[in-house]
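Here are the chains, one letter per residue:
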Amino acid sequence: MLTAYLLVGAMFFTLGLVGFVTRRNLIIMFLCTELMFQGIVVNLVGFARYPLSGGPGVEGQAFGLFLLSIAAAEAALGLALVVLMFRYRGSLDSNTWIFLRDE
Amino acid sequence: MKRSSDRASEVAADFCEPKAKRLHRVTRRVDGIFLLIMAILGGLGLFLLMPGGRRPIAIAGVFISAAATALLVYALVVKLAQDAHMVAFSIFAVIGFWGALRMITHSRPVYSALYFILVVISTTGMLFLAEAEFLAGSLLIIYAGAILVTYLFVIMLASQSGGGPASYDKKAREPFIGVLSGFVLLALIAGQTLQHGADLPTHEPMVEGAQKVAPVATTLLTTYMIGIQIVGVLLLAAMVGAVAIARRQPHPEEELAA
Numbered sequence: 000m001l002t003a004y005l006l007v008g009a010m011f012f013t014l015g016l017v018g019f020v021t022r023r024n025l026i027i028m029f030l031c032t033e034l035m036f037q038g039i040v041v042n043l044v045g046f047a048r049y050p051l052s053g054g055p056g057v058e059g060q061a062f063g064l065f066l067l068s069i070a071a072a073e074a075a076l077g078l079a080l081v082v083l084m085f086r087y088r089g090s091l092d093s094n095t096w097i098f099l100r101d102e
Numbered sequence: 000m001k002r003s004s005d006r007a008s009e010v011a012a013d014f015c016e017p018k019a020k021r022l023h024r025v026t027r028r029v030d031g032i033f034l035l036i037m038a039i040l041g042g043l044g045l046f047l048l049m050p051g052g053r054r055p056i057a058i059a060g061v062f063i064s065a066a067a068t069a070l071l072v073y074a075l076v077v078k079l080a081q082d083a084h085m086v087a088f089s090i091f092a093v094i095g096f097w098g099a100l101r102m103i104t105h106s107r108p109v110y111s112a113l114y115f116i117l118v119v120i121s122t123t124g125m126l127f128l129a130e131a132e133f134l135a136g137s138l139l140i141i142y143a144g145a146i147l148v149t150y151l152f153v154i155m156l157a158s159q160s161g162g163g164p165a166s167y168d169k170k171a172r173e174p175f176i177g178v179l180s181g182f183v184l185l186a187l188i189a190g191q192t193l194q195h196g197a198d199l200p201t202h203e204p205m206v207e208g209a210q211k212v213a214p215v216a217t218t219l220l221t222t223y224m225i226g227i228q229i230v231g232v233l234l235l236a237a238m239v240g241a242v243a244i245a246r247r248q249p250h251p252e253e254e255l256a257a
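These protein sequence lines map, in sequence, to chains H and Y. To convert, note that position 75 of the first sequence is 74 in numbering that gives the first Met the number 0; the numbers rise steadily by one, no gaps. To convert, note that position 44 of the second sequence is 43 in numbering that gives the first Met the number 0; the numbers rise steadily by one, no gaps.
Among the clues, some could well be false.
[To be verified] Derived, one-sided and incomplete: chain H residues facing chain Y with beta-carbon distance under 10 Å:
#1 0
#2 41
#3 86
[Unchecked claim] Using 16 Å as the maximum straight-line C-alpha spacing, the simulated EDC-like pairs for lysine to aspartate or glutamate come out as follows:
#4 Y/211 with H/58
#5 Y/170 with H/58
#6 Y/211 with Y/130
No lab work stands behind these hints, which were simulated from the structure alone. Each residue gets a CB set at the ideal place from its N, CA and C atoms; glycine is no exception.
Bound-form chain H, shown alone:
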């Protein structure tokens, strides 16, 4: 059932979005980004399993592999930035960087 995969993907994406908006810890915000990636992977694999046009639905799996490598690169860079930000402030609170807003 394609709608099953799509709804589970939407559920993971929405929960990651809610967690990203709600939490103040930088690392948990990045973890919620990874949760959004999980939702996207489930969505893509749903379309790979039930392809819309005939033929082997491998594009979804290929896209998922690319997404996996992009997520790994983003996690590495994001965590390096988090470590640097922790060194500057001594805290993982995102409110300490609130002056970066443009008011």
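Assemble chain Y onto chain H, guided by the hints.
This is chain Y only, laid out in the frame that chain H set:
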């Protein structure tokens, strides 16, 4: 596949046009009011589980979420009990739902990372059911084995002194608006999916036998070869960038204005 926070969308869709072709499959007592109650319970449980409340509120949140999950399991058993593939899928989905729920509401980062590993395992299970074994195996190895271990190392490096969760972990930031906006987004996505999902012209993938990894590899190495090379360069750049970023030490004269 029904989730506990997208019932409101289906109720709205019921008001828009009669969902006879879906409701007649859900025969016994899983109707609009049931689904709306499940959605409200799920959203309320998520809101109560957000960090920042006192312990009785959190326990109430756990019970309400458990009630929503029980209604969800009842709906799944009523609707999908005839298909073994969907039973396994729904088990993985419920485990993933609970892992994600506890991940975004736990006040300690280490437990969030561990619950995220549970979410990755449930996603891997769903990928195995969708016959994407290579992607499932690489997801498990790379996510749960490499990325999450990196997260745990960074949590260990960037931890505060003194036990217990930090002050910024104990309270959620705008929990009501967050949960409400997530609700609305899920209602929109799920409403559109449930309305038009049955009209999508889906086919079975024409892959026979055990040759499920070979087409993926062939497509990756022929159609998307440029993409593979670019991703290799991207990973190299990310590695060099991460090393360069993490080596910087803050100097006193570079102190940023607070």
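Against the structure, the hints come out as follows:
For residue 0 of chain H, the suggested interface contact is upheld, since its CB lies about 7 Å from the closest CB of chain Y, less than 10 Å. With 10 Å as the threshold, the beta carbon of residue 41 of chain H comes within range of chain Y, its nearest partner Cβ sitting at about 6 Å, so the hint holds. At its closest, the beta carbon of residue 86 of chain H sits 5 Å from a beta carbon of chain Y; the interface hint therefore holds under the 10 Å criterion. Distance check on the hinted pair: residue 211 of chain Y and residue 58 of chain H sit about 13 Å apart at the alpha-carbon level, within 16 Å; holds.
Between residue 170 of chain Y and residue 58 of chain H, the direct Cα distance comes to roughly 42 Å. Violation of the 16 Å bound is thereby established for this hinted pair. For the suggested pair residue 211 of chain Y and residue 130 of chain Y, the alpha carbons sit about 7 Å apart, so the restraint of at most 16 Å is met.
Of the numbered hints given earlier, the model fails hint 5 alone.
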